[in-house]
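Input sequences plus hints: build the corresponding full structure.
Order-wise, the sequence lines are chains Z, E, W and U.
Take 1 as the starting number for the first sequence in this note's numbering and just add one per residue.
Take 1 as the starting number for the second sequence in this note's numbering and just add one per residue.
Take 1 as the starting number for the third sequence in this note's numbering and just add one per residue.
Take 1 as the starting number for the fourth sequence in this note's numbering and just add one per residue.
Warning: the hint list may mix true and false statements.
The calculated EDC-like cross-link candidates involving lysine to aspartate or glutamate, where the alpha carbons are at most 20 Å apart (straight line), are [what the hints assert, rightly or not]:
#1 U:Lys-308 <-> Z:Glu-7
#2 U:Lys-305 <-> Z:Glu-7
#3 U:Lys-269 <-> E:Glu-131
#4 U:Lys-269 <-> U:Asp-332
#5 U:Lys-296 <-> Z:Asp-288
#6 W:Lys-389 <-> E:Glu-241
#7 Z:Lys-203 <-> Z:Asp-103
#8 Z:Lys-31 <-> W:Glu-315
#9 E:Lys-178 <-> E:Asp-157
#10 W:Lys-238 <-> W:Glu-315
#11 U:Lys-273 <-> E:Asp-157
#12 U:Lys-305 <-> Z:Asp-103
#13 W:Lys-296 <-> E:Asp-265
#14 W:Lys-305 <-> E:Asp-233
Per label pair, the in silico range of CB-to-CB distance [as the list claims (entries may be wrong)]:
#15 U:Gly-313 <-> W:Arg-146: 36 to 46 Å
#16 Z:Lys-21 <-> U:Ala-21: 52 to 62 Å
#17 E:Gly-286 <-> U:Thr-390: 49 to 59 Å
#18 W:Asn-352 <-> U:Lys-308: 52 to 62 Å
Since the hints were made in silico from the structure, they are not lab data.
We treat Cβ as the ideally placed atom computed from N, Cα and C, and that holds for glycine.
Each chain is listed here by its residues.
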Amino acid sequence: MDFDLTEDRQMLSDSLTRYLKDKYPFEARNKVAYAAPYHAPDRWAELSELGAMFALAPEEAGGFGGSGFDISVVFEAMGRALCPEPVLGALLASRLLSAAGADQEALLAGTTKYAVGLGELEAPYALDLIETQARPSGDAYVLNGRKSAVYGGQVADIFLIAAKLEDKLAVFEVSADKASVTGYAMMDGGGAAEVVLEDVPAKLLIGDAASALQDAVNAGIVALCSEAVGAMDVLQTMTVEYLGTRKQFGRPIGSFQALQHRAVDMLTEIEQARSITIKAASELGGPDATRFASMAKNLIGRAGRLIAEESIQMHGGIAMTWEYPGSHYAKRLIMIDHQLGDTDFHLSRVIAA
Amino acid sequence: MDFDLTEDRQMLSDSLTRYLKDKYPFEARNKVAYAAPYHAPDRWAELSELGAMFALAPEEAGGFGGSGFDISVVFEAMGRALCPEPVLGALLASRLLSAAGADQEALLAGTTKYAVGLGELEAPYALDLIETQARPSGDAYVLNGRKSAVYGGQVADIFLIAAKLEDKLAVFEVSADKASVTGYAMMDGGGAAEVVLEDVPAKLLIGDAASALQDAVNAGIVALCSEAVGAMDVLQTMTVEYLGTRKQFGRPIGSFQALQHRAVDMLTEIEQARSITIKAASELGGPDATRFASMAKNLIGRAGRLIAEESIQMHGGIAMTWEYPGSHYAKRLIMIDHQLGDTDFHLSRVIAA
Amino acid sequence: MDLSFSAEEQAFRQEVRDFFAENLPSEMSDVVRSGSEMTKEMMDRYHAILNAKGWLATTWAPEFGGPGWSPVQRHIFEEEACRAYAPRIVPFGLAMLGPVLQQFGSKEQQDHYLPRILSGEDWWCQGYSEPGAGSDLASLKTRAVRDGDDYVINGQKTWTTLGQHANMIFCLVRTDPDVKQQQGISFILVDLDTPGIEMRPIRLIEGGHEVNEVFFTDVRVPAANLVGEENMGWTIAKFLLTHERTNIAGVGFSMQSLEEVKALARVVKRNGKPLSEDPLFAARIAQVEIDLEAMKITNLRMLYKAQKQGAPGPETSILKIKGTVIGQELKDLARRALGPSAAPFPGSLEGNLSLAPADHANDAARYFNNRKTSIFGGSNEIQRNILTKTMLEL
Amino acid sequence: MDLSFSAEEQAFRQEVRDFFAENLPSEMSDVVRSGSEMTKEMMDRYHAILNAKGWLATTWAPEFGGPGWSPVQRHIFEEEACRAYAPRIVPFGLAMLGPVLQQFGSKEQQDHYLPRILSGEDWWCQGYSEPGAGSDLASLKTRAVRDGDDYVINGQKTWTTLGQHANMIFCLVRTDPDVKQQQGISFILVDLDTPGIEMRPIRLIEGGHEVNEVFFTDVRVPAANLVGEENMGWTIAKFLLTHERTNIAGVGFSMQSLEEVKALARVVKRNGKPLSEDPLFAARIAQVEIDLEAMKITNLRMLYKAQKQGAPGPETSILKIKGTVIGQELKDLARRALGPSAAPFPGSLEGNLSLAPADHANDAARYFNNRKTSIFGGSNEIQRNILTKTMLEL
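Written as structure tokens, this is what we have:
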């Protein structure tokens with residue numbers, strides 16, 4: 001039993017944290033996060049150089065990580081900085097490319113951007129309800145369907161698309177210029193896209209992809225949970241600092257016991273969130289990965305809402321403003337629940353398991 | 001719109017409250033509540049004289065009340081005093097006898113005790129799942145089955161039993177000495193019984209009783225909700241008094257803001273509980289009675305738990321003792337959720353409606 | 001006990017319902033339904049429609065142009081307005097300053113300002129909060145110093161809602177710094193065209209511009225603009241607070257939200273079925289629906305009591321707390337119901353694809369914006385403090 | 001990061017598991033399972049079984065008879081004990097006084113008392129709380145006045161758990177009333193047979209007898225019974241508090257409760273189906289199961305930290321708060337699952353009909369009894385105060 005990071009991971013964590021702090025000061029972050037293309041192309045290359053993407057893939061795939069804890073380190077740092085770069089899309093794609101045994105050097109080096117099309121408007125979270133259809137066409141395939149909320153899709157060069165091939169779920173590679181891509185900024189910054197596929201040529205990557213897709217989602221969940229934990233830590237620190245400095249009625253509002261006890265409850269839930277994320281990370285790739293990913297995402301959904309709402313409430317008006325960094329952390333925590341399955345979806349999966 | 005009690009109801013409320021305060025001081029109450037027969041036969045007659053039972057039935061049935069608000073007045077007073085007398089059984093029976101147009105003078109006068117067998121071990125709340133069977137036998141019927149948690153059953157002279165007669169739900173009258181009755185004290189005082197029916201002779205009271213039974217349950221729910229509101233009021237008063245007098249760290253614990261705010265939240269939920277009970281009472285007998293009864297019972301279940309648990313927590317150890325009256329109010333509030341459908345059962349019914 | 005409305009009240013409800021059906025332009029209810037921002041022009045037009053009917057200043061005395069309604073009638077009007085998806089009346093002149101002037105203003109002030117509020121000539125905003133004086137309003141620092149026939153004002157106000165549309169502002173200012181905080185405050189009317197005033201927008205969490213900061217630098221205001229006596233501002237503020245409490249529970253708005261969430265859950269698909277058939281989501285809706293049913297009665301009970309007593313009591317703080325919690329819960333459910341379709345930042349979607357069903361593209365923004373309701377108008381923490389003192393007497 | 005136990009630890013777990021399988025009498029696990037009361041005889045017998053194996057005093061140093069386990073081993077032992085439905089060790093002598101004597105006691109005290117704790121000759125109970133000193137323990141008033149070679153004790157203790165079985169009590173008493181509260185307290189050992197002591201039962205909310213009041217009237221105790229120096233009682237109390245914090249999260253007990261609730265939900269019928277298939281109830285179970293999974297890791301993380309630092313830190317208050325909330329939630333679910341079958345007051349059912357499934361007749365009583373966990377050992381409010389000071393530094 002060991003709850004410390006390995007030296008390598010600690011170094012990666014430190015260098016990413018330093019880099020993001022330096023390159024994404026709050027106002028710069030907001031500028032990048034809300035103006036097309038909703039990320040900073042220069043930063044993307046630098047992140048790759050720092051190893052952020054290489055850490056997501058195992059050695060045999062050309063990376064130097066790929067375990068749940070590697071993913072955690074990268075995304076927790078991103079969460080602390082509210083980094084809007086589309087690393088989630090890269091992670092999902094990397095898992096699928098690894099499963100396919102395909103080359104992913106361009107992905108890890110940051111020279112080709114990948115995004116993954118999973119959810120659809122009427123099946124946002126459940127993989128088994130995907131309706132996008134693939135059919136053979138000559139040597140290759142064509143796809144028809146619409147993929148919704150494709151993270152990083154607004155700047156992707158290549159899409160990996162989950163689609164039905166006869167009665168199986170398969171994964172296809174689609175060149176971005178062949179699809180109809182509608183990008184947008186997300187509520188909490190960063191970009192995504194709707195991807196409409198109408199007789200789009202595609203290359204088969206994985207023919208029977210149900211378990212590879214589930215693994216990618218599980219990895220994505222570990223990433224989002226870790227990001228949430230990073231964001232929670234920062235928001236909690238901000239809130240406690242504010243409680244200690246903001247004065248009303250002649251005393252710091254942090255001297256009021258009702259607020260103190262609520263701040264402690266936030267702290268408690270953050271520790272629980274951290275714990276379940278560690279657990280999900282440790283199980284990633286194993287036989288119980290899906291179950292613990294669902295547990296983690298459910299707990300993160302609940303804790304994220306608590307921390308976001310309580311931090312706004314305890315700050316008062318200031319946290320309702322765009323100018324205050326805390327409001328953006330709160331937004332991120334709420335909106336993470338809209339990605340890769342929400343509180344209720346994952347609770348249902350825990351029940352069904 | 002008028003939220004005041006009529007003069008008559010106010011008088012009944014006052015006289016019942018005075019009487020119960022006088023005759024059920026706390027220690028006497030506990031003695032009656034936990035020693036067989038779990039009620040005080042003398043008090044029963046006096047309660048009837050005061051009009052407690054007559055208030056439950058309409059004029060055409062020999063009473064002087066019978067509306068939701070009449071029931072509320074009686075049971076709220078009972079709740080304030082934690083009165084263990086089996087008035088709930090009398091109420092349920094009175095509704096059924098009224099529906100049947102049968103004579104109920106002996107019930108209202110307190111000379112014959114009725115109890116109603118509804119729920120069963122495997123169908124504690126849902127009327128449509130009742131499995132007790134009736135079959136014709138000569139001029140009358142015989143019943144087979146087991147009725148669980150028959151309130152007041154430990155001292156009943158006559159049982160009214162809900163049973164299947166072919167494909168319909170019917171109500172039968174059974175003499176208590178014909179059934180196998182196992183009485184017990186309830187966790188929160190007062191008595192109930194398991195009633196086992198093995199070829200027990202019975203008289204048909206209502207042949208197609210589904211709606212009469214639902215009406216009886218709705219009336220019972222109004223009664224239980226009102227009782228809860230009465231108990232909540234007392235427990236809240238006790239808690240606030242304790243907060244004002246108990247000292248720790250050199251000051252009344254009620255000066256600690258964390259406790260103040262929680263006491264306010266209790267207050268808020270009690271007002272909500274009172275409101276939904278008024279609503280359910282006003283709808284009793286009307287087309288939406290079942291829906292609002294379910295809403296009320298759900299809210300009372302949640303509020304009751306909150307008030308019970310918070311009052312214990314804020315009192316600290318003293319509320320964990322048998323000797324302290326507050327602990328018995330807390331028990332009553334929790335155990336009301338086990339009668340005539342709990343929080344989840346009624347939520348499901350609201351959803352299904 | 002009788003929960004029904006009288007025949008007269010029911011007839012009144014029908015009259016109001018008919019009025020909205022006939023007179024409310026559908027482009028206005030469309031805007032309300034979709035949660036997008038009202039333009040100033042639209043608000044002015046809506047006010048004019050009500051004013052033409054004599055229903056604009058619902059709390060004013062008849063001699064000043066109010067309809068002379070009872071609290072119950074006002075309640076019915078609010079309910080029907082919500083039912084029709086009518087815009088909210090901009091409250092600063094109509095619901096706040098109007099009653100203040102009627103109670104505390106001079107004849108000249110009443111004659112001059114009240115008609116201009118009704119006609120829409122003046123758009124008022126509120127100068128109460130300051131960066132250092134939020135929950136602790138009495139600690140406000142904006143100074144007004146008497147100089148001849150003028151007051152000279154210096155300081156800063158914040159959270160000034162819709163100030164960008166306003167030409168007038170009423171302010172609480174400190175006129176005596178040497179007495180107990182509450183005793184040195186005055187209530188004064190200021191023309192926003194006066195030199196030395198600068199208004200800056202505050203952008204809110206969800207991106208909208210709804211509130212502002214107002215800076216005062218040597219702003220000269222005629223002493224005649226003082227309302228009531230010098231240093232009686234706190235009395236006026238408390239009076240206004242009581243007035244603000246009508247409709248504090250926001251029951252009508254929550255009923256709107258509930259219907260919207262239910263409709264949304266019927267069209268959104270989850271796990272191959274409408275979300276309304278998902279047992280967990282259905283339970284969430286039912287739970288808040290029950291709380292709202294109770295809140296309707298709690299609201300009426302307190303309305304009834306206020307009508308009997310002449311003024312709402314401290315227990316209306318219960319309405320503020322529970323009313324905002326219910327309203328926020330409903331906005332939360334709408335946001336949740338959308339799943340990933342809640343993601344787009346409003347206005348950023350290139351092209352004409354939509355993710356959310358009609359009228360729901362702003363649901364995430366509305367959720368975030370709505371967090372304000374438990375903060376402003378006396379935060380829920382302040383309400384709990386009030387209830388601790390008044391109802392619990394601790 | 002590595003969440004797995006080492007091969008040695010896994011082997012140890014198997015050894016413990018085998019031990020319980022072979023040595024724990026089934027009548028003991030039956031009593032634990034059903035939540036009925038343990039007799040003194042049974043507790044003594046259970047202690048003897050562990051003592052024979054050398055596993056009774058898990059926190060004691062080897063020289064005094066402890067097994068020399070690491071915190072992780074102790075954790076594994078606790079988990080396995082719960083898994084086997086073994087009784088809880090009575091902690092007052094073994095987990096509380098033992099370590100105190102080892103740290104602060106004289107050689108004579110160690111030699112005399114420690115073996116008697118292991119052998120069961122002495123059954124200790126605790127004299128800490130007083131009617132006026134609960135959360136504010138330092139305000140205790142029981143006086144001990146030096147008189148020759150004795151102390152003379154007057155006062156009252158309360159919440160003395162299982163005092164009815166004890167022959168010895170350790171007490172915090174006030175030896176100097178003139179200094180700051182915390183500084184005038186001493187820790188003293190008292191034979192309950194000493195004249196002037198009266199023990200009275202306190203009946204608990206659910207009807208059980210588990211705690212007592214102890215009255216001291218001119219009770220003469222040899223000065224040799226003082227532990228440590230006079231007036232160093234508060235230091236000892238704080239030391240003991242830290243020791244009490246091992247296993248404070250109660251994870252093993254909650255895992256027991258979770259399994260019990262799940263099993264119960266499978267046999268109870270609701271709406272024609274097992275309750276486990278009711279979506280709302282299933283959601284309630286899953287929710288707390290998830291919290292418990294997280295709590296397991298939180299517990300291990302703090303255990304790991306304590307092992308590295310040598311002592312648990314203030315963040316263990318998190319374990320107390322969340323651990324009790326989870327445990328209480330599980331007891332609540334068991335109670336709910338029974339519906340009306342939870343109604344009978346234990347022991348009152350005439351005849352031999354049972355309403356609840358086997359082992360669940362006491363579930364309502366257990367729910368009520370369990371409310372104590374968030375009150376005793378420093379209420380959850382006190383834990384929040386501690387965390388405010390230590391972790392939030394507010």
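Here is how each hint holds up against the structure:
The hinted pair formed by U:Lys-308 and Z:Glu-7 meets the criterion: a straight-line CA distance of about 17 Å does not exceed 20 Å. Distance hint between U:Lys-305 and Z:Glu-7 is fulfilled; the C-alpha atoms sit about 18 Å from each other, no more than 20 Å. Only pairs whose Cα atoms come within 20 Å are accepted, and U:Lys-269 paired with E:Glu-131 is accepted, the gap being roughly 13 Å. Using a Cα cut-off of 20 Å, the hinted pair U:Lys-269 and U:Asp-332 holds, with the two alpha carbons roughly 18 Å apart.
Distance restraint check for U:Lys-296 and Z:Asp-288: the Cα-Cα separation of roughly 16 Å lies within the 20 Å cut-off, and the hinted pair is therefore satisfied. This hinted pair checks out: W:Lys-389 and E:Glu-241 have alpha carbons roughly 14 Å apart, not beyond 20 Å. Only pairs whose Cα atoms come within 20 Å are accepted, and Z:Lys-203 paired with Z:Asp-103 is accepted, the gap being roughly 14 Å. For the given pair, Z:Lys-31 sits about 46 Å from W:Glu-315 by alpha-carbon distance, which is inconsistent with the 20 Å threshold.
About 10 Å separates the Cα atoms of E:Lys-178 and E:Asp-157, which keeps this hinted pair within 20 Å; it holds. About 15 Å separates the Cα atoms of W:Lys-238 and W:Glu-315, which keeps this hinted pair within 20 Å; it holds. Between the alpha carbons of U:Lys-273 and E:Asp-157 the distance comes to roughly 34 Å, so the proposed pair goes past 20 Å and is violated. Using a Cα cut-off of 20 Å, the hinted pair U:Lys-305 and Z:Asp-103 is violated, with the two alpha carbons roughly 42 Å apart.
At roughly 18 Å between alpha-carbon atoms, W:Lys-296 and E:Asp-265 fall within 20 Å of each other, so this suggested pair holds. Simply put, W:Lys-305 and E:Asp-233 have alpha-carbon atoms about 19 Å apart, close enough for the 20 Å limit, and the pair holds. Between U:Gly-313 and W:Arg-146 the C-beta distance comes to about 59 Å, which lies outside the given range of 36 to 46 Å. Restraint check, Z:Lys-21 to U:Ala-21: a C-beta distance of roughly 55 Å satisfies the suggested window 52 to 62 Å.
A beta carbon spacing of about 58 Å between E:Gly-286 and U:Thr-390 agrees with the range 49 to 59 Å that was offered as a hint. About 59 Å separates the C-beta atoms of W:Asn-352 and U:Lys-308, a value consistent with the hinted range of 52 to 62 Å.
Hints 8, 11, 12 and 15, counting from the list given before, are not met by this structure.
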